[in-house]
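Engineer: In case you want the letters, here they are:
Number of protein chains: 4
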Amino acid sequence: MRRIGMLTSGGDCQALNAAMRGVVKSLFTSGEAIEIYGFLDGYKGLINCNVRMLDGRDFSGILTKGGTILGTSRTPFKTITEPDENGVDKIAAMKQNYYKLGLECLVVLGGNGTHKTANLLSEEGLNVITLPKTIDNDLWGTDMTFGFQSAVNIATDAIDCIHTTAASHGRVFIVEVMGHKVGWLTLNAGMAGGADIILVPEIPYDINKVISKIDERDKRGSHFTIIAVAEGAISKEDAKLSKKDYKEKLAKSPYPSVSYEIAAAIQKKTGREVRVTVPGHMQRGGSPCPYDRVFASRLGAEAGRLILEEKYGFMVGYKNREIVKVPLKDVAGKLKSLDANSSIVKEAKWLGISFGD
Amino acid sequence: MRRIGMLTSGGDCQALNAAMRGVVKSLFTSGEAIEIYGFLDGYKGLINCNVRMLDGRDFSGILTKGGTILGTSRTPFKTITEPDENGVDKIAAMKQNYYKLGLECLVVLGGNGTHKTANLLSEEGLNVITLPKTIDNDLWGTDMTFGFQSAVNIATDAIDCIHTTAASHGRVFIVEVMGHKVGWLTLNAGMAGGADIILVPEIPYDINKVISKIDERDKRGSHFTIIAVAEGAISKEDAKLSKKDYKEKLAKSPYPSVSYEIAAAIQKKTGREVRVTVPGHMQRGGSPCPYDRVFASRLGAEAGRLILEEKYGFMVGYKNREIVKVPLKDVAGKLKSLDANSSIVKEAKWLGISFGD
Amino acid sequence: MRRIGMLTSGGDCQALNAAMRGVVKSLFTSGEAIEIYGFLDGYKGLINCNVRMLDGRDFSGILTKGGTILGTSRTPFKTITEPDENGVDKIAAMKQNYYKLGLECLVVLGGNGTHKTANLLSEEGLNVITLPKTIDNDLWGTDMTFGFQSAVNIATDAIDCIHTTAASHGRVFIVEVMGHKVGWLTLNAGMAGGADIILVPEIPYDINKVISKIDERDKRGSHFTIIAVAEGAISKEDAKLSKKDYKEKLAKSPYPSVSYEIAAAIQKKTGREVRVTVPGHMQRGGSPCPYDRVFASRLGAEAGRLILEEKYGFMVGYKNREIVKVPLKDVAGKLKSLDANSSIVKEAKWLGISFGD
Amino acid sequence: MRRIGMLTSGGDCQALNAAMRGVVKSLFTSGEAIEIYGFLDGYKGLINCNVRMLDGRDFSGILTKGGTILGTSRTPFKTITEPDENGVDKIAAMKQNYYKLGLECLVVLGGNGTHKTANLLSEEGLNVITLPKTIDNDLWGTDMTFGFQSAVNIATDAIDCIHTTAASHGRVFIVEVMGHKVGWLTLNAGMAGGADIILVPEIPYDINKVISKIDERDKRGSHFTIIAVAEGAISKEDAKLSKKDYKEKLAKSPYPSVSYEIAAAIQKKTGREVRVTVPGHMQRGGSPCPYDRVFASRLGAEAGRLILEEKYGFMVGYKNREIVKVPLKDVAGKLKSLDANSSIVKEAKWLGISFGD
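Just so you know, the protein sequences line up as chains A, B, C and D, in that order. Every letter in the first sequence is one number past the one before it in the working numbering, and letter 86, counting from 1, is 86. Every letter in the second sequence is one number past the one before it in the working numbering, and letter 17, counting from 1, is 1017. Every letter in the third sequence is one number past the one before it in the working numbering, and letter 125, counting from 1, is 2125. Every letter in the fourth sequence is one number past the one before it in the working numbering, and letter 138, counting from 1, is 3138.
Pulled out of the complex, with its shape left as it was, chain A reads as follows (with noise of 0.2 Å):
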């Protein structure tokens, strides 16, 4: 009999079900005996054993849906070593619940912050596998992440509804995308939503750069433009300062994210109608593409088989099309940012887009 511990942690997006559902079909397909215990709510669950013990019937239908089953919750890694609101010494606590419930292995979907914890708990001894979880395509060691390309159809559904309007009404549009720190997201959401400029935390604009975008698309009768921000997308005079700087830059900003900098700042310079448009949160939800619903399902196949092989200390990741394992050691901590040396980059310059640089 092998017991499996899962949870979800971080914020949740597109497939994190389907690849839950992926783990547990491989390992019921091996006609092993298993049992399969759901932390709730993320690490949370973990630590306060919030547990509920799921059948097949739990994964039946889940491909298609959004969220995850478990729940989740942001645990901030920085805060791990600190006891919690009830005085409970975390890692001691993850511990011990792994073997009081006789877990063989614990399985956790989950991004960066998610992966510093995990391989925490690999440190520590405990049987730890990891499937790649963000809509930021920003996890080190994999090509891709499930979340990432669902993500970017809703992004560019935005773009695309903005277009029209935009068109119609002559206006400089800006619509913010989500990302965190890096622009993989907005750069392919703005490609493929044919955003006239895109600026994304890798490459720091210059406002009069992306005004003349704006001027020189006037002149040759397009009345409008759409630029697609990306969350972290950063000026180069702000890209200069110290993070601490920075930081305290933002927190004394009057406006609610840097494209109401932006829209302020063109429509100061240049007395243009500038309108910006937040899909938010719905980037992260909703019923994962077909893309991410084959790409989770494997990485779960693949993850099942690792646990019935008993290889653990692993991310289940994607190189170069094949399912590939990374050890958490080497994921743990990095960031993968887009490079602004990188073909896609070139490429999309080719196709005319600026980036403000």
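Hints may contain errors.
To be verified - The list that follows gives simulated cross-link-like pairs (lysine-lysine, BS3-like), each with its CA atoms no further than 27 Å apart:
1) B:K1269 x A:K252
2) A:K349 x D:K3325
3) B:K1247 x B:K1269
4) C:K2319 x B:K1325
5) D:K3346 x A:K65
6) C:K2269 x D:K3319
7) B:K1243 x A:K44
8) D:K3319 x D:K3329
9) A:K319 x A:K181
10) B:K1247 x B:K1236
11) D:K3095 x D:K3065
12) A:K336 x D:K3319
13) B:K1243 x B:K1181
14) C:K2319 x C:K2209
15) D:K3268 x C:K2252
16) A:K44 x B:K1269
17) C:K2319 x B:K1346
As the list claims (entries may be wrong) - If you want the ones that stay clear, here's a sample from chain C, every Cβ over 12 Å from chain D, calculated:
18) E2035
19) D2055
20) K2243
21) K2249
22) K2268
23) S2342
Just so you know, the hints here were simulated from the structure itself, not pulled from any lab data. Glycine included, C-beta positions come from ideal geometry on N, C-alpha and C.
Got chain A; can you put chains B, C and D on it based on the hints?
Structural biologist: Then chains B, C and D, alone, in the frame of chain A:
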């Protein structure tokens, strides 16, 4: 030879192109000699005689296309009697261009503001036919406006996306829905998306009632709540203010919109985390839904017939599932609000939805 | 304590779950003590007392879910008086189980066939409330049925997809749309998809008129034509046959459906390449569209109220934008066909659409 | 001045326009003097010199548009050396028109058949650059072709729609998926749609294994089964036939396609009701998905650069997430099939999917 002028005015929405295509197909199918003059960017195009002759090819393939091929602009009715930025008398200019081009009639597609001007032009002796365009569905004299159902779909998509995240994180989520001063869009999207609370301008809310509903759900085991908030939603206290006082209050508000104010109030009173999502202009854009395509085409077809029969001074509307003609003077300046005692509101309450009243 | 039986019968369609959720929410919100018994797989479940008690959790999250959580089956009305495969008297068994379970009433969701049986049960003394489910929109006594608008959307999607291929290849394309013996679905999807020719059962077609339209388009430079054909479309000659003779002719036909016969006729007479696409059962499936979700929820809410008020023997329908109750005996055995002289058909013709008549 | 010819050939698919826009934007952004000549309806346009000069406006707004603005046709490679219906030597005519127009190169978008001709033209001395267009993903030398992911989405939608009906009625449903002689499309759509059985050409099936899977599901309480069948699926016995014998067998088959044959076999052996749905040409149509828009734009951008660098004789492909150039002679006449021992097939089996082998 009939010369027909056409323009789209006000905020753009889905199916404007489908409606214009309907008018033109209906005219061309008649076999009569017809010329179509499209004024660009709304009434501005008529004032400045910024006009383009259109033929069949201009209307080919636009049934499914969002926005308006003519462009649009908002021309505030209250300044219609003031000269424009070039010192031109707007009404005189519009009449002059109408006669100069030898138009037989003017087809105007627009919402409430647009209809005031259209009625004025009709009173000034121009032959005017209008079509009811607005995602708000607030035009008097018609059961339905085109754009509305497409906007319901987009707002519902937003709620659907948010639903999985809200459930996974056990959070309160507000989705702010457009609709200007009426609640049609929010009510329909809220019911379609399974919102637990719906706040509309016509039914002022009590924040404590809103919180009670959240608490009641929590006690029943539903640790998340979805609130659909109309952009024009108003609290009971604010509803007691004079229009002027309320405007002033809004102007001074630290919140970008009423949703953020409601979120802050809930957060303050309950300590719960509340997130706000604003799909915004997305709701006016993208390809019209099949319902709107059929509806706008039907309205356009009937408008074409009215022109052939030389019946002017009407908005082509929809009553009890039939296309009707409504005298422009009956439409102008009126608002079709949601009735707090209507069947649909009662039904929504029977379904357990709270209006915070 | 009220005990309510519920079943779904006939072909499944979108928003069956939304409607049942509406009934149950409406009953539970009243605060009265209620028990819901769900019969599985249509009337079969009532005959065999294959029943499951349902609680609130069964109805949670199903607003957006296609199909029916109760399962369904087609039980032909003409065999209702014959014993079933186990020799059971069906009517007697249904009455017996109804009384045995101590039901106060039976809520039945279905289309035309279903309503005949529902009316019979009502005449036999059972308390029956029905809800109008069908993608065909052919139920007498209601302006609209749920499932219809969702099916229009899917059939329109099919036409939209085909459109680009037809235009790129300069081909004649037939899209066969469901709708049983009526043309509502085909007419609406055809108009929404910009079909050039629409063939419906209520307006028998002349193949030469169809070909004339294709030729006329070709001469104007449109080298492709989209034909939306209802599965029940019929030629003028065939329409002259007796019902029996036509059935025999169909049985002997070498073509899988009328669309293929039309395609072959066009191909033979013109030498053009004609392709047929049949979205088929897709049209009944998938998540209900927002319109259907709201509509089915409203009908369900009103059905719940009728039960609380103990008003039985009705179908909950929709007339002039209000929910109404229609005596079952007025609904059973009647068909709501498209009127060849109705406004919408005239409007479609004004738009240049040929009905081949 | 560079004069570039362009044509699209073979069955149309999504993102053809996006790819052409990519090429042209990439060329125009370079600032060089460029003229684009579009040949209409595939190689036919090159043979007959049916050509149109295109400018920036032709490529504006087509990123999201299905089909091809140039039109397309299938020109069978095996008749390329035969004179056309006007007695014209096709190859000579193509070369003559290429030189007559003073073209620097020819950009060809197409699939397998198209590439054979493109390679032939390259060998004849023309400068040729190709782009890999096909929903089948069967082009040798590239990991991915544009159109594929969009087609996966549509086929998955079909399965999603069928899923609710299959479950509600407890039926076996077959969804026939395109893909010509390879299984990529069916495998991906089947996995994304949660199909229980997937039959692809590369893995011949045993009908008894298919039935065992249906029975096994039935015993577990899942009374419905979804089978995704590739249009090119083949049974183990048929796979033993010579190509010629199999063709003859197909020609004599009473079934419209292999799916109907499989349905009949299951029905005969088990007495179960089996339904077949064939989304057909829908799979090639409609707006390209964001993935395909980005991918096709990238390929187009790189093709533009190759032209500027005067590097000819290549297909622009995709390997290990980078755009690569593949010599045309390596592509022509080869087929990229699914490997029955590949990871993705193994993973699908671990998920419990049967391939009937």
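Engineer: Need the status of pair B:K1243, B:K1181: alpha-carbon distance at most 27 Å?
Structural biologist: holds (13 Å)
Engineer: Could you grab the alpha-carbon distance between B:K1269 and A:K252 and see if it respects the 27 Å cut-off?
Structural biologist: With Cα atoms ~25 Å apart, B:K1269 and A:K252 stay inside 27 Å; holds.
Engineer: Is C:D2055 truly not at the interface, in the sense that its beta carbon sits beyond 12 Å from all beta carbons of chain D?
Structural biologist: holds (21 Å)
Engineer: Check whether the Cα positions of D:K3319 and D:K3329 lie no farther apart than 27 Å.
Structural biologist: holds (17 Å)
Engineer: Hinted pair, alpha-carbon criterion (27 Å max): C:K2319, C:K2209. Please report holds or violated.
Structural biologist: Violated - the C-alpha atoms of C:K2209 and C:K2319 are around 36 Å apart, more than 27 Å.
Engineer: Is C:E2035 truly not at the interface, in the sense that its beta carbon sits beyond 12 Å from all beta carbons of chain D?
Structural biologist: C:E2035 is indeed farther than 12 Å from all Cβ atoms of chain D, at 24 Å.
Engineer: Is the claim that C:K2268 lies outside the interface with chain D correct, judged by CB distances over 12 Å?
Structural biologist: Holds, since 19 Å exceeds 12 Å.
Engineer: Measure nothing beyond the straight line between the CA atoms of A:K319 and A:K181; if it is 27 Å or shorter, mark the hint as holding.
Structural biologist: holds (22 Å)
Engineer: Would the non-interface assignment of C:S2342 survive a Cβ cutoff of 12 Å against chain D?
Structural biologist: About 30 Å separates C:S2342 from the closest Cβ of chain D, which puts it past 12 Å; holds.
Engineer: Are the Cα positions of C:K2319 and B:K1346 separated by 27 Å at most?
Structural biologist: holds (17 Å)
Engineer: Can we confirm that no CB of chain D comes within 12 Å of the CB of C:K2243?
Structural biologist: At roughly 26 Å from the nearest Cβ of chain D, C:K2243 sits farther out than 12 Å, so the non-interface label holds.
Engineer: Taking only the CA atoms, is the gap from D:K3346 to A:K65 under or equal to 27 Å?
Structural biologist: holds (24 Å)
This entry does not satisfy hints 6, 7, 11 and 14, going by the numbered hints stated previously.
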